[in-house]
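K.L.:
Per our numbering: the sequence shown ends with 689, consecutive numbering throughout.
It is worth saying that the hints were derived from the structure and are not from the lab. Take the hints with a grain of salt, since some may be wrong.
Ranges of calculated distance between the beta carbons of each label pair, as one might list FRET restraints [said to hold, decoys possible]: (1) I667 <-> L507: 38 to 46 Å; (2) K563 <-> L507: 30 to 38 Å; (3) N508 <-> D604: 22 to 30 Å; (4) D604 <-> K451: 33 to 41 Å; (5) K458 <-> D604: 35 to 43 Å; (6) M440 <-> K563: 29 to 37 Å; (7) P665 <-> Q449: 46 to 54 Å; (8) R666 <-> E475: 43 to 51 Å.
In silico SDA-like pairs for lysine to any residue, Cα to Cα no more than 25 Å straight-line [said to hold, decoys possible]: (9) K525 <-> K559; (10) K511 <-> R442; (11) K570 <-> Q534; (12) K467 <-> R442; (13) K563 <-> S460; (14) K528 <-> I548; (15) K570 <-> L481; (16) K511 <-> L626; (17) K564 <-> L597.
Every residue gets a Cβ at the ideal spot worked out from N, C-alpha and C, and that includes glycine.
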Amino acid sequence: MQRYFVPVEQIKDDVVTIKDSDYHHIAKVLRMTDGEEVICVLGDKGSALVRIENITNEEVLGTVIEWLNEEKELPVQVTIVSGLPKGDKLEYIVQKGTELGAHFFIPFIADRSIVKWDAKKAAKKVERLQKIAKEAAEQSHRTVVPQVETPLNLRQLLERAKEFDVLLVAYEEEAKKNESSALSKALQTMKPGASVIVVFGPEGGLTELEVEALRDAGFTACGLGPRILRTETAPLYVLSAVSYQLELMG
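Build the full structure now, drawing on both the sequences and the hints.
P.N.:
Shown next as structure tokens:
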């Protein structure tokens with residue numbers, strides 16, 4: 440069933456108003472009609488099964504039929520920090536990372552990042568990435584749309600990291616040493632509700648100085664198995680490992 444994230448202020452007395460791009464998708468793309476049903480995620484109010492009552496030229500009006508008790512989110516909040524990669528790799532990370540349960544995405548201006556974003560370009564990129572996150576959250580039936588933040592440099596990242604309970608950095612030199620116990624230990628000791636931040640380098644990886652600074656700030660360097668993963672693959676590996684440990688293993 441189609442899912443939409445609707446601002447909580449657009450519900451009153453169990454009447455939901457769907458506007459803008461979501462209205463266009465319902466009315467013009469799917470060509471839905473009165474009586475059909477969708478799921479609306481309404482902020483802190485949660486998810487609801489909504490029956491379409493009327494489609495006007497500007498909005499869709501629906502009535503809440505049933506409030507749903509959904510448990511779709513990871514038991515921990517994972518923030519993915521990605522060294523700015525080339526091409527559309529960051530879009531891939533955000534899309535697939537959203538499907539796998541990430542809560543936040545932070546682009547990282549790493550020493551070896553070839554890509555450079557000025558303020559104007561960064562704003563447009565983040566807007567585009569946020570749209571991708573919303574669409575991926577709807578497709579994967581999430582109850583939260585992950586937030587994509589503006590790019591941070593190393594100093595800003597170290598300051599931001601003070602907010603987290605678990606701090607990890609994926610470092611290929613650890614992978615070369617077949618060091619996997621650090622990630623395994625971190626996964627086994629994570630408590631439900633914990634905030635987790637994981638840093639990944641760009642295509643050229645993180646420099647020794649960056650890793651040293653992260654370690655000094657409390658990050659644990661860990662390998663991701665014996666193979667070297669691409670910058671767009673590594674975050675998905677970690678999110679899958681978190682899901683396996685905390686959701687499938689219970």
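K.L.:
Starting from the range 46 to 54 Å, see whether the pair P665 and Q449 falls in it by beta-carbon distance.
P.N.:
holds (50 Å)
K.L.:
Does the structure keep K525 and K559 at a Cα separation of 25 Å or less?
P.N.:
holds (18 Å)
K.L.:
Does the beta carbon distance between N508 and D604 stay inside 22 to 30 Å, or does it fall outside?
P.N.:
holds (27 Å)
K.L.:
Starting from K528, check that the Cα of I548 is at most 25 Å away, please.
P.N.:
holds (15 Å)
K.L.:
In this structure, is the beta-carbon distance linking R666 and E475 contained in 43 to 51 Å?
P.N.:
Holds, at about 47 Å.
K.L.:
Can you tell me whether the CB distance of D604 to K451 sits inside 33 to 41 Å?
P.N.:
Given about 38 Å between the Cβ atoms, the range holds.
K.L.:
Holds or violated: 35 to 43 Å for the Cβ distance of K458 and D604?
P.N.:
38 Å Cβ-Cβ, so the 35 to 43 Å window holds.
K.L.:
Regarding the pair K511 and R442, is the alpha-carbon distance no greater than 25 Å?
P.N.:
holds (13 Å)
K.L.:
Please work out if K570 and Q534 have their alpha carbons no farther apart than 25 Å.
P.N.:
Satisfied, since the Cα-Cα distance of roughly 10 Å is no more than 25 Å.
K.L.:
The hint says 38 to 46 Å between I667 and L507; measuring C-beta to C-beta, is that right?
P.N.:
holds (42 Å)
K.L.:
Is the distance from the Cβ of M440 to the Cβ of K563 consistent with 29 to 37 Å?
P.N.:
Holds, at about 32 Å.
K.L.:
Tell me if the straight-line CA distance from K563 to S460 falls inside 25 Å.
P.N.:
holds (18 Å)
This entry satisfies every hint, going by the numbered hints stated previously.
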